[in-house]
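Novice: Residue numbers (UniProt numbering), protein chains in the order written: chain A, 1 to 190; chain B, 1 to 190.
Calculated from the structure, these hints are not laboratory results.
Do not take every clue at face value.
Using 20 Å as the maximum straight-line C-alpha spacing, the simulated SDA-like pairs for lysine to any residue come out as follows [as the list claims (entries may be wrong)]: (1) 36(B) x 112(A); (2) 7(A) x 36(B); (3) 21(B) x 105(A); (4) 36(A) x 81(A); (5) 81(B) x 93(B); (6) 7(A) x 113(B); (7) 81(A) x 112(B); (8) 81(B) x 36(B); (9) 101(B) x 105(A); (10) 81(A) x 113(B); (11) 182(A) x 47(A); (12) 21(B) x 113(B); (13) 36(A) x 18(A).
Distance windows between CB atoms, simulated [stated by the list, open to error]: (14) 17(B) x 45(A): 28 to 36 Å; (15) 111(B) x 163(A): 54 to 62 Å; (16) 185(B) x 111(A): 25 to 33 Å; (17) 144(B) x 19(A): 24 to 32 Å; (18) 15(B) x 3(A): 25 to 33 Å; (19) 16(B) x 10(A): 46 to 54 Å; (20) 188(A) x 141(B): 39 to 47 Å; (21) 3(A) x 179(B): 30 to 38 Å.
All residues carry an ideal CB built from backbone N, CA and C; glycine is no exception.
Number of protein chains: 2
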Amino acid sequence: MEALHQKIREQGIVLSDQVLKVDAFLNHQIDPALMKLIGDEFASLFKDSGITKIVTIEASGIAPAIMTGLNLGVPVIFARKQQSLTLTENLLSATVYSFTKKTESTVAISPRHLTSSDRVLIIDDFLANGKASQALISIIKQAGATVAGLGIVIEKSFQGGRAELDSQGYRVESLARVQSLKDGVVTFID
Amino acid sequence: MEALHQKIREQGIVLSDQVLKVDAFLNHQIDPALMKLIGDEFASLFKDSGITKIVTIEASGIAPAIMTGLNLGVPVIFARKQQSLTLTENLLSATVYSFTKKTESTVAISPRHLTSSDRVLIIDDFLANGKASQALISIIKQAGATVAGLGIVIEKSFQGGRAELDSQGYRVESLARVQSLKDGVVTFID
């Protein structure tokens with residue numbers, strides 16, 4: 001997606017061979033117009049997949065997910081990392097290790113919002129080692145629902161997440177595929 | 001805002017005299033079409049206020065904030081509750097106590113994204129005791145920026161947050177003002 005590639009080139013900061021900082025338009029400050037383009041693109045890619053729900057993780061996945069949900073006309077659920085006093089029932093949960101934060105956390109979704117008839121599109125801001133995506137897949141399966149595909153804003157293709165999802169047979173659509181961050185330069189696939 | 005009042009009546013759950021659960025459309029599962037209506041309403045209310053940035057707190061503030069930013073054509077910043085390894089610089093921060101979660105936390109914004117020329121609209125999902133809003137006001141002032149107003153999706157008017165903001169002279173626009181949650185019934189002001 002050219003508008004996203006351009007934004008990454010202009011405002012992305014390569015912190016190391018492994019870490020791309022995009023807090024100017026995606027992870028901290030958010031560009032709403034770009035999120036709209038991203039949501040429209042995901043909606044176009046998955047419009048024939050019979051999506052009934054979108055699932056993401058707080059917090060950076062919410063903006064692209066909500067724009068996709070607006071276009072497709074379906075609800076968005078964001079998995080929570082911390083338990084709230086207002087989420088009192090038994091929750092569907094899975095463990096996820098964050099390489100960026102060096103912490104393990106539990107993500108959870110209320111079973112009231114996912115049923116076995118749901119066809120779910122997972123949306124997330126980043127795909128790196130795929131731990132967050134695998135946790136969401138686990139939760140969706142616990143609900144008996146179907147994972148119809150994954151829409152990723154930025155994929156770090158040199159890490160293992162994409163290859164694992166491919167080998168599991170999931171459809172993954174990434175709008176920017178980063179081949180390398182070597183020498184402080186962002187190189188895209190294609 | 002009638003569409004919001006109706007949604008609260010239909011899908012809100014009164015957990016106690018103090019706690020209204022709206023995880024079916026705002027805090028966990030999100031209704032994107034309703035968020036669009038909410039964003040358009042905030043944009044209409046503040047269209048003449050010279051807004052240059054929107055500030056919210058992760059996670060439930062992001063959806064209404066991004067829709068408001070889309071309409072007004074300005075960036076959205078979400079204050080982070082946990083430090084990320086990619087937010088490495090000195091941060092503007094403030095402490096906030098959550099009555100719902102019974103925890104004190106630090107919220108932070110990178111000074112790279114807020115300047116003294118910014119006129120900031122604060123958007124949040126709930127206004128109760130006002131601790132989150134006061135923390136955001138503190139951060140915005142630390143940046144030397146101006147708080148142009150606050151847009152709140154649901155205000156619990158019987159708690160102290162609104163009165164304190166009024167007494168400080170801030171413009172507060174709440175789309176649903178809850179007068180009482182007594183006896184399991186949501187009563188709105190007006």
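Novice: For each hint, tell me whether it holds in the structure or not.
Specialist: Outcome of the hint check:
no., hint, result
1, 36(B) x 112(A), "violated, 24 Å"
2, 7(A) x 36(B), "violated, 25 Å"
3, 21(B) x 105(A), "violated, 24 Å"
4, 36(A) x 81(A), "violated, 25 Å"
5, 81(B) x 93(B), "holds, 10 Å"
6, 7(A) x 113(B), "holds, 16 Å"
7, 81(A) x 112(B), "violated, 27 Å"
8, 81(B) x 36(B), "violated, 25 Å"
9, 101(B) x 105(A), "holds, 17 Å"
10, 81(A) x 113(B), "violated, 25 Å"
11, 182(A) x 47(A), "violated, 36 Å"
12, 21(B) x 113(B), "violated, 33 Å"
13, 36(A) x 18(A), "violated, 27 Å"
14, 17(B) x 45(A): 28 to 36 Å, "violated, 47 Å"
15, 111(B) x 163(A): 54 to 62 Å, "violated, 38 Å"
16, 185(B) x 111(A): 25 to 33 Å, "holds, 27 Å"
17, 144(B) x 19(A): 24 to 32 Å, "holds, 30 Å"
18, 15(B) x 3(A): 25 to 33 Å, "violated, 43 Å"
19, 16(B) x 10(A): 46 to 54 Å, "holds, 49 Å"
20, 188(A) x 141(B): 39 to 47 Å, "holds, 40 Å"
21, 3(A) x 179(B): 30 to 38 Å, "violated, 46 Å"
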